[in-house]
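Participant: Chains as they are written, first to last, in the working numbering: chain A, 48 to 318; chain B, 48 to 318; chain C, 48 to 318; chain D, 48 to 318.
Rather than coming from a laboratory, the hints here were simulated on the basis of the structure. Please note that the accuracy of each hint is not assured.
The list makes no distinction among identical chains, and a pair is therefore deemed to hold if it is satisfied within one copy or across any two copies.
[Stated by the list, open to error] As a list, the in silico DSSO-like pairs of lysine-lysine whose alpha-carbon atoms are at most 30 angstroms apart:
1) Lys50 / Lys297
2) Lys297 / Lys268
3) Lys173 / Lys289
4) Lys78 / Lys297
5) Lys237 / Lys91
4 protein chains.
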Amino acid sequence: MAKSRFEYVREFERENHLLPQTYIVVRVDGKGFHRFSQVYEFDKPNDIEAIRVMNDAAQEVCRQIPDVLMAYGQSDEYSFLLRKDCRLYDRREMKLITLFSSLMTSAYTYYWNVAHPNNLITIDKKLVVFDARAVVYPNFTVVQDYFRWRQADCHINNLYNTTFWALVLKGGLSTSEAEQTLSGTLSKDKNEILFSRFGINYNNEPEMFKKGTVIVREVGKSLASDTPVEDLSNRQLQRLDKVMRKAEIKVYHQDIITDEEFWDSRPWLSS
Amino acid sequence: MAKSRFEYVREFERENHLLPQTYIVVRVDGKGFHRFSQVYEFDKPNDIEAIRVMNDAAQEVCRQIPDVLMAYGQSDEYSFLLRKDCRLYDRREMKLITLFSSLMTSAYTYYWNVAHPNNLITIDKKLVVFDARAVVYPNFTVVQDYFRWRQADCHINNLYNTTFWALVLKGGLSTSEAEQTLSGTLSKDKNEILFSRFGINYNNEPEMFKKGTVIVREVGKSLASDTPVEDLSNRQLQRLDKVMRKAEIKVYHQDIITDEEFWDSRPWLSS
Amino acid sequence: MAKSRFEYVREFERENHLLPQTYIVVRVDGKGFHRFSQVYEFDKPNDIEAIRVMNDAAQEVCRQIPDVLMAYGQSDEYSFLLRKDCRLYDRREMKLITLFSSLMTSAYTYYWNVAHPNNLITIDKKLVVFDARAVVYPNFTVVQDYFRWRQADCHINNLYNTTFWALVLKGGLSTSEAEQTLSGTLSKDKNEILFSRFGINYNNEPEMFKKGTVIVREVGKSLASDTPVEDLSNRQLQRLDKVMRKAEIKVYHQDIITDEEFWDSRPWLSS
Amino acid sequence: MAKSRFEYVREFERENHLLPQTYIVVRVDGKGFHRFSQVYEFDKPNDIEAIRVMNDAAQEVCRQIPDVLMAYGQSDEYSFLLRKDCRLYDRREMKLITLFSSLMTSAYTYYWNVAHPNNLITIDKKLVVFDARAVVYPNFTVVQDYFRWRQADCHINNLYNTTFWALVLKGGLSTSEAEQTLSGTLSKDKNEILFSRFGINYNNEPEMFKKGTVIVREVGKSLASDTPVEDLSNRQLQRLDKVMRKAEIKVYHQDIITDEEFWDSRPWLSS
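Required output: the full structure, derived from the provided sequences and hints.
Facilitator: Pasting the structure below:
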């Protein structure tokens, strides 16, 4: 039973420590959520209850991982920003991403079951699975552009889905007819279809659908100090950790693409 | 809303494609399971119901991922062996490990809740979280030694825990007294304590506790063919996939360290 | 001058330790050798003296790095095979590849200058530069196919170049006319052009040109022992090192694509 | 000769594209330069001619690679800073570092042989070899601290070597006696030994020895523009390349640890 005889196998293990002083974004993404939404009978184009489960789960992730400064969610994905001096798991990539994928899975399952006592998640129907990836960004401009990219994606998808399901549910088209109708159309064409055929002004659609969900840890002040983080004492690091844990976690449905005020009023996001 | 203006952020994404023609082992590991076992009141030293939940969850992982050839579990960890020609997710490391961590989390939560209707997993108590890592091994000897290493670890831990909890539960020692008693002892000393003080012959303990759990996809024949896998047609690959999906998944509690028969009788494990 | 205040910058350094028990191939490749061959006035299609400089340089690399088991060179590239238990520089990728690129550069420069006292390498004309890359292969079949790939490449290039320069030097075509003539031709077409227009039987061309150069460390027996390499004592490792250093380094121009005898008679290449 | 049958081996090749928008520092380091300095009979503690060869070689590297903004050299090492938007070789790590190690080797060999016609580099004596590594830094503060770290290292080493060789060459100590004398001494102790025993005021030693060598591409203005580099047209990129190629390359021996003026007057270094 000499364990040591086999210990050499550890030499094959590899770690990727993410570059220090860079912003880490972890994006979790639902696997097979198209089918998941059918099996659990989501409302179309947007199921408010399902979105709330996603948002509740993401908030739980933020609560449990105090290094998360903000998060952005839309459709079946959520992106979490970790502060650039985050030392969680010594910045080991595999540890970080599996923590997020697993915790998101656990929290989603929990909140779903609480909200749907008559439509519980079961193995026979389909389990929830989230994959995750980590990306590091060396400066905050790219981080902002990352979140703008996701919100632009939300807009494009939601406008499409809103029009598609209007054509199907209100216009009586089959899904493939709706697809054909929208093939090659621009944003303004979809707006026009919504308005002229169904009297829907897209601008009046709920912000939650159009903008997705922004979660912010409202720290309220810059985390940066004159002391470089590598010189902070353990006591100072603990104080920082405490500040993060105590900060309120708030939820918004607002523009983060052009609204500089969102970013300017929260200097700690880049600190 | 020009999404394309922000698309450059994708250049920061990195992928690690695991080396082709190597065996991939993914190990999932419970996070904070010591506290989990306290919160959900596990029997000590081994909680049969909790072990069954682990094993049920791992079997579900095997069912859903047909490239898994075998798995080995003990304590709060499970290791899954993927066949060396596995092309799942194009062998992208992040995709693979988050799939395993998330699916294990989902399946564990499901089976736990089914088995413990009066002790459901809740956020207030504690959610289940599994991390995961992938390691590649270039030849099957190292793969065998990897699994031997985990089973040797199982033996060492279980002998310790069995003795420790005998001292506490039957011997009336405090946990710190039990710890002191065992400090520096060898295997034979623990066997002696168990036998002389508590009349326990460790050899008679349940195999499930002593050996952990081995799950095998009983394919029944070598997967290797004269044709190198990169030359297989799509049809041949589909046939292979079908063979994997149809193969029975069986559970054992047996020695895999010295029992060469286990390995010799299953040539497909290395193919 | 407190150096320690700045030492934190070391945290940004990354190492890639190449997977243990895999074959490492390092390929060096001349940078800008097309222009180099013009500046230093190489004979076309093959400059025997320049090939000899390459081969001499590669042999020096083999002499200085005893873990090299064989090498294969053609055109301005050379591939070196390191034995699978090689521990040079702890298998750190950056150390390994820069050692090969630098040593090849040094040796090439030295041998060139010795062979061409009236055509020395100078900065004004052009310096020699080799890049290098490392690739790991998990089994010896892929290693063989790697070398076969390079020799097949040699054949294709040399047949093309031989025909191209026959058209230019003997046929009086301009280089662009020769290019057009060969565009879209198959091997048999080039053989036909050589034979019918210039009376050249390609099969009779020198083996050095057609096959490239194979360098073998003729160890003479398998390096493998019953003891796994991780269990070898330092003394055994030193003995192995001595065997490698003493083994004769020989040069061949022969087929390694279909000639199984080459491989079968040298079991140590895979050990 | 079907090359394509073997082409699958390319799947084993891996590339590490260095993170965009980060500063790349490549450090080349002489291999076995202690022995090199003995074989080629360097003056001790500093051989001016040998330092000049290093500096000439490094300048040639700067000339040939226009993305190098500055370099710092001391002892047998040189560090090169590439601008953060450098796209050389698509930022492939292996290509980059082997280019530097090879080019440094070529240029060093050339300049050495020009300067030492009676002490040429030969294989029988010893070839020049440089290894190289690349490190990326996400912000310019760390880049500055990196160069400060190397200059602090230069100071520590040079003070030691100056004292050591004074003890040996002027004080008549053996090298091991000198080593013992210096064991455990602080900077002020070494200064005191130099002054009291040998009348040497360390402050009056040549700047080249005390500070090492700084090479700057004197671009003269910031390279940054309002347009993010990913949006620059090819024409703008070519113009930038031309600016870099035309900029004068100058050599200094000065403090870069505390002299903020050095950095402040060269805004392009961080751009």
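Participant: Hint by hint, note whether the structure agrees.
Facilitator: Taking the hints in turn, this is what the structure says about them:
{"no.": "1", "hint": "Lys50 / Lys297", "in the structure": "between (50 angstroms within a copy, 26 angstroms between copies)"}
{"no.": "2", "hint": "Lys297 / Lys268", "in the structure": "within (15 angstroms within a copy, 44 angstroms between copies)"}
{"no.": "3", "hint": "Lys173 / Lys289", "in the structure": "between (39 angstroms within a copy, 21 angstroms between copies)"}
{"no.": "4", "hint": "Lys78 / Lys297", "in the structure": "both (27 angstroms within a copy, 27 angstroms between copies)"}
{"no.": "5", "hint": "Lys237 / Lys91", "in the structure": "within (17 angstroms within a copy, 62 angstroms between copies)"}
When held up to the earlier numbered hints, the structure conflicts with none and fits them all.
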